[in-house]
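Please work from the sequences and hints to get the whole structure.
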Amino acid sequence: MKRFAIAAALTLSTAAHGFCGFYVGKADAKLFNEASQVIVVRDGERTVVSMLNDYQGDLKEFAVVVPVPTVLQKGQVHVGEKRIFDRLDAYSAPRLAEYYDPNPCDRRLYEMRSKDLALPAAPAAAAATSSKALGVTVEASFSVGEYDIVILSATQSDGLETWLKQSGYRIPKNAAQALAPYIRQNMKFFVAKVNLAEQAKTGFQMLRPLQFAYESEKFMLPIRLGMANATGPQDLIAYLLTRNGRVETTNYRTVKLPANMDLPVFLKEGDEFRNFYKALFGEQAKKEGYRAVFTEYFWDMSWCDPCAADPLSPEELRRAGVFWVNPAPAAAGPGAAAAAPSALLPRPAFGGAQPVMLTRLHVRYTRETFPEDLMFQETKDRQNFQTRYVLRHPAKVAPEACPEAKAYLEGVARRQEAEAQQLATLTGGEITAIRQKLALPPAPPQKPWWDGLWK
Amino acid sequence: MTITIRRDPRLFQLAFQATLLTLGVLFRDFSLLPAQMALAIGGAAATQAFWLRRLRLRQVGYLSPVITGLGLSLLLRADTLWLHPLVACLAISGKFVLRIRGKHVFNPANFGVGMALLLLPGAWVSPGQWGNDLGLAVWLVGLGAVVAGRARRDDAAWLFLAAFLGIAALRLGLLGYSWERAWEIWCHQATNGALLLFAFFMISDPMTLPDHPVARRLHVVLVACGAAAWQFLYYHPHGPLWALLVLAPLVPLWDRLLPANKYQWDSNTPLQKGRTA
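Those sequence lines, one after another, are chains A and B.
Using my numbering, the first residue of the first sequence is number 1, and each one after it goes up by one.
Using my numbering, the first residue of the second sequence is number 1, and each one after it goes up by one.
Watch out, some of these pointers could steer you wrong.
[What the hints assert, rightly or not] Pair by pair, the computed Cβ-Cβ distance ranges are:
| # | chain 1 | residue 1 | chain 2 | residue 2 | range |
| --- | --- | --- | --- | --- | --- |
| 1 | A | G203 | B | L174 | 44 to 54 Å |
| 2 | A | E283 | B | G135 | 15 to 25 Å |
| 3 | B | L119 | A | E283 | 55 to 65 Å |
| 4 | B | R99 | A | D262 | 48 to 58 Å |
| 5 | B | V97 | A | K287 | 29 to 39 Å |
| 6 | B | W179 | A | N275 | 53 to 63 Å |
| 7 | A | G282 | B | V97 | 50 to 60 Å |
[Said to hold, decoys possible] These stretches of chain B come out as covered by chain A in the derived footprint (C-beta under 8 Å, 3 or more residues):
| # | stretch |
| --- | --- |
| 8 | 151–157 |
| 9 | 184–191 |
Source of the hints: derived by calculation from the structure; they are not laboratory data.
Just so we're clear, the structure is a prediction, and the values are computed from it rather than from any experiment.
Yeah, the Cβ is synthetic: ideal placement off N, Cα and C, and Gly gets one too.
Shown next as structure tokens:
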């Protein structure tokens with residue numbers, strides 16, 4: 001029996017602050033269990049979707065059913081590389097930036113440094129594999145890489161359900177009901193399973209992502225199918241690559257995560273930042289009642305400031321499905337002094353003329369709060385946004401070192417308290433625990449409001 | 001004077017739109033800068049002043065441009081500062097220039113937003129910005145019904161909602177959803193803040209609807225059908241905005257086929273007898 005975890009994925013889109021440091025950390029997609037990752041590249045009606053499975057079970061049992069808007073031919077399906085998801089993830093993940101206060105006693109010694117941190121997500125996948133009496137037509141059947149693929153059209157949802165069952169897929173209850181609306185919208189079904197012999201040849205342990213290219217007016221992501229057997233909230237991270245601007249959902253609220261604030265410096269230690277981001281995302285999703293889609297990143301991919309990871313090269317972008325980017329010409333032009341100086345270039349830049357915008361959306365959805373599939377639009381918004389958090393290290397200075405030092409240290413104490421409060425608000429965390437971590441003095445007992453009134 | 005102003009439904013509209021805008025900016029993460037808002041209202045008022053002077057109109061006030069400015073702030077998003085005043089200028093100028101038989105053809109905010117989306121870079125509309133919150137929906141319907149009711153055009157708002165959501169329900173039925181799922185989805189669609197705002201603050205604008213009740217109702221149903229087709233058959237956003245804009249040129253035809261007394265804002269009464277704005 002095949003396991004049927006229908007993967008959703010289909011047709012499936014602020015002001016930047018100047019920065020002069022390096023990154024200290026990032027919170028990548030691996031941080032969220034059971035998160036699906038999908039890349040959607042879209043320009044006009046041309047669409048390329050890549051779906052990453054983090055399927056952990058027996059490959060024999062793996063299968064995926066995805067509603068697609070058109071019948072796909074062999075040339076429209078491709079097996080991609082997980083590496084591209086990792087690259088996009090690293091490039092766009094929430095990050096931590098670090099600054100050092102200058103010594104108040106020596107204004108000339110102005111030092112600014114930072115390093116980097118970033119956070120995460122993972123994908124979902126699923127299962128599926130006969131005939132006229134059931135109203136099911138096999139529109140195409142082919143193999144690509146380690147996958148055996150059939151494209152089905154159906155006239156009745158229970159016929160399709162029966163076909164899938166007869167073909168050995170263990171599909172969830174009520175699957176017919178979930179499939180019906182897609183059939184009536186004249187959508188086709190992409191069904192893939194793993195060819196074990198081919199899989200062994202690839203030498204990969206993990207399943208490689210599937211990519212499809214098609215044209216459709218529908219700019220959407222069918223998240224509802226994957227909910228057939230879901231219990232709690234599920235996470236989806238979508239990387240949307242477009243030519244003109246930021247992508248947002250049209251049938252749900254799209255919200256920017258709180259970002260660009262100063263936070264306590266202990267976030268740099270160990271897993272603190274990853275845990276912070278997980279808590280922050282959880283708290284914000286809860287606060288919105290699991291009804292909002294969050295923007296984690298939006299930037300023109302030709303640069304970044306600062307960069308959590310190098311921007312993707314034109315070759316990598318093409319592998320992600322960005323069909324309007326041409327691979328860079330050979331590195332050295334005639335007589336160019338190419339190789340050596342390139343190491344000094346701050347950031348690789350590509351092609352110039354062909355913009356690629358990356359919107360990273362992160363949604364935590366439940367059956368109750370996301371009754372419809374996600375519908376998207378590409379806006380003309382080009383204001384960069386990143387989920388970046390700032391650490392400011394105080395200067396080490398004794399209060400009596402110079403006249404400015406005392407006032408500076410008082411300022412630092414106030415700042416640390418504000419950072420602790422900020423952290424507690426963002427993550428729904430316990431302020432006293434945060435104070436302890438920071439070794440901040442407990443909050444001074446508050447004087448009653450009337451104290452001093454009669455003096 | 002005071003009495004006339006008090007009766008003007010636009011005052012309610014202005015108050016409610018300002019309240020909604022404030023709530024949106026504070027609680028709904030609108031990516032709107034206070035300067036954009038001020039420039040939208042200022043741009044609309046300045047354009048109104050220009051046309052009033054040029055056409056030597058005396059007794060027309062500034063309520064309408066302020067409402068248009070607020071409407072544009074509620075709807076339009078931009079990544080620059082110049083866009084809102086430019087669109088406000090287009091919207092108000094459209095009101096004075098594009099007139100047939102003494103009545104402007106397009107709802108100014110609708111016209112402005114349409115032009116911005118079609119022609120200008122860096123402009124967009126976020127139909128999901130209000131979310132689908134039942135509490136908010138109740139407030140919108142309640143406040144909206146008061147405004148549209150004052151203008152005696154709440155029939156248009158209700159009819160539009162009934163037709164659009166009726167088509168949405170029919171579609172869900174045809175797509176084969178179970179009752180339970182269809183109800184969930186339909187509620188989600190019906191509580192969309194942007195849809196409710198459109199019904200009570202845009203399509204119910206008495207100045208740009210046909211004057212005859214029968215024509216008005218037919219027109220509203222036509223807009224609802226157009227909006228539903230755009231969204232549900234072609235899968236594009238902003239169905240109501242596009243349908244209202246594209247079908248607006250039909251209004252003069254309706255008025256010709258089924259003539260009736262032209263609508264007048266109470267505080268503009270003297271003007272409406274002459275040249276109107």
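Open item on the list: Check the structure against each numbered hint from earlier and tell me which ones fail, lowest number first.
Closed with: 3, 5, 6, 8
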